[in-house]
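Enquirer: Listed below, chain by chain, are the residues.
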Amino acid sequence: MKLRQIAHSRTGDKGTVANISVIAYRAEDYAVLERYVTAARVKAHFQGIVRGEVERHALPGIGALNFVMREALGGGVTRSLALDAHGKSLSSALLSLELPDAGESSHDR
Amino acid sequence: MRSIRIGAGAGYAGDRIEPAIELAEKGRLDYLVFECLAERTIALAQQERRKDPSRGYDPLLSERMRKVLEPCRAGGVKIVTNAGAANPVAAAEMVREIARALGLAGLRVAAVTGDDVLGQLEGSLRIPETGGTLADLGDRVISANAYIGAQPVAEALALNADVVITGRAADSALFMAPLVHEFGWSMEDWTRLGRGTLAGHLLECAGQITGGYFADPGPKDVPDLARLGFPIGEVDEDGGLVITKVEGSGGRVSAATCKEQLLYEIDDPARYLAPDVVADFSGVEIRELGPDRVSVRGATGHERPATLKLSIGYRDGYIGEGQISYAGPGAVARARLALRIVEERLRLTGVRCRETRFELIGVDALHGAALSSGGPEPYEVRARVVGRTDSADEALRIGNEVETLYTNGPAAGGGATRQVREVIAVASAFLPRERVRTTVQCLEVTP
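In order, the protein sequence lines correspond to chains P and U.
For the first sequence, the positions run 1 to 109 when the working numbering is used.
For the second sequence, the positions run 110 to 556 when the working numbering is used.
Mixed in with the good hints there might be a few duds.
[Unchecked claim] Quick list of in silico lysine-lysine cross-link-like pairs, DSBU-like style, CA-CA up to 30 Å:
(1) U:Lys329 <-> U:Lys135
(2) P:Lys43 <-> P:Lys88
(3) U:Lys135 <-> P:Lys2
(4) P:Lys88 <-> U:Lys329
FYI, nobody ran anything at the bench for these hints, they're computed from the structure.
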């Protein structure tokens with residue numbers, strides 16, 4: 001299944017840094033996010049876009065992860081040549097991430 | 110416990126005006142805050158001010174004030190905004206004239222200044238993003254402004270100002286100042302300041318917490334986005350917060366909309382740097398109390414940073430761009446041919462670009478080849494060429510080379526457009542906070 005089936009997301013920007021939240025619709029799906037949506041997977045997903053490090057911050061109280069991606073915005077929104085200089089559409093790209101189906105993840109849906 | 114209601118009347122300079130009028134008339138507000146200053150807006154405003162000393166503030170401020178001053182006066186609602194941009198004093202004088210014309214005698218309008226620190230910086234100031242110093246930018250520097258905190262805005266409110274206009278202030282500080290003023294919070298009460306910063310952070314983008322920027326038909330439907338209501342924060346003396354909106358307005362306030370906005374533009378959620386506090390959002394809990402009523406609790410804070418963030422605006426060359434569309438069978442192949450032709454033409458004609466992008470809108474422009482592969486070929490596609498140059502002339506030639514594809518390029522290209530813009534870039538730096546001195550001036554409307 002795609003990440004989009006269990007989570008929603010929003011991208012923000014500060015200078016050359018993009019951040020993407022990944023938020024479980026249901027509290028019980030947070031464990032799936034925590035297990036499969038790692039900083040390394042996110043960095044690999046955005047290879048060619050994110051040149052710097054990717055850090056993951058966990059917010060279990062709201063069932064969410066926050067990914068901070070350095071050097072992700074081609075010099076920042078004020079300088080970038082990109083059509084989407086803010087990187088606002090990156091959240092949608094992340095929601096296409098493939099996750100194991102419910103049965104495979106030992107997660108009882 | 111006592112609480113106050115703060116509405117967010119704008120989430121950026123060009124935002125819709127009707128939701129703010131709705132808040133002023135029906136929001137039962139104590140304060141209405143307009144956040145109107147993006148990173149580079151102040152550099153553009155500084156250029157305006159140099160051309161005309163009576164300008165340099167947000168051009169939409171006058172219309173906003175004409176629409177909300179009367180209902181705010183009638184309802185006892187005070188207004189706070191950073192729309193003063195590069196010239197808060199001229200903005201305050203303009204607002205006073207509007208109030209006078211509306212017959213609002215006795216209305217008090219305050220201007221907060223001191224954020225403009227361009228004249229007091231040393232050339233040796235380090236700018237981490239460029240890897241150099243302020244002196245390296247030479248005469249390309251346009252502006253340097255410190256992100257000021259809630260204190261001077263609270264001082265203006267203590268002078269009984271009905272409208273407070275700032276230049277560069279931290280967005281969250283515009284919302285925290287009413288809390289500091291109304292509840293007498295100490296500027297060293299890190300826990301409450303952390304909670305006030307959270308309230309400001311959640312409200313500052315206005316419609317982004319009431320269902321704007323959220324809808325995804327199917328999984329995330331939002332009603333009536335054309336009539337989106339802007340948010341109201343009910344904040345109590347301890348910093349407890351409920352997010353809501355005007356009953357009957359469009360949009361939705363839910364746990365999900367609040368969670369997305371909580372993490373919007375956040376680095377480490379345990380260390381959100383603001384001028385007045387290092388806020389900690391990592392333990393926040395969000396609970397739906399009822400339709401369009403969401404409680405947000407559990408923020409805390411730590412001692413404020415020793416430095417204030419500066420936003421430095423500078424000229425950084427030019428960007429030239431051209432686009433042209435292709436459709437029908439073979440559209441993608443013709444568009445790719447178009448890109449190759451323009452690339453060769455720029456080389457043959459000696460256009461020097463520091464950086465370029467050749468891409469197909471509808472295919473790979475947003476996320477590059479790797480993420481975009483595997484989709485079906487689109488019916489139509491738009492070729493886009495963009496490059497960074499040192500001169501406006503060279504930037505213009507990029508768009509020209511796209512336009513000449515009409516008669517020299519692949520078959521059936523249409524809708525060519527071209528654009529040149531000067532790049533006003535913004536970089537951050539840091540200054541010891543004691544070097545930034547703010548001043549409050551208060552003007553009163555005479556009959």
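Enquirer: Now, for every hint given, state plainly whether the structure supports it.
Expert: Comparing the hints with the structure gives:
no.	hint	result
1	U:Lys329 <-> U:Lys135	28 Å, holds
2	P:Lys43 <-> P:Lys88	17 Å, holds
3	U:Lys135 <-> P:Lys2	42 Å, violated
4	P:Lys88 <-> U:Lys329	17 Å, holds
Hint violations for this structure: number 3 only, all remaining hints satisfied.
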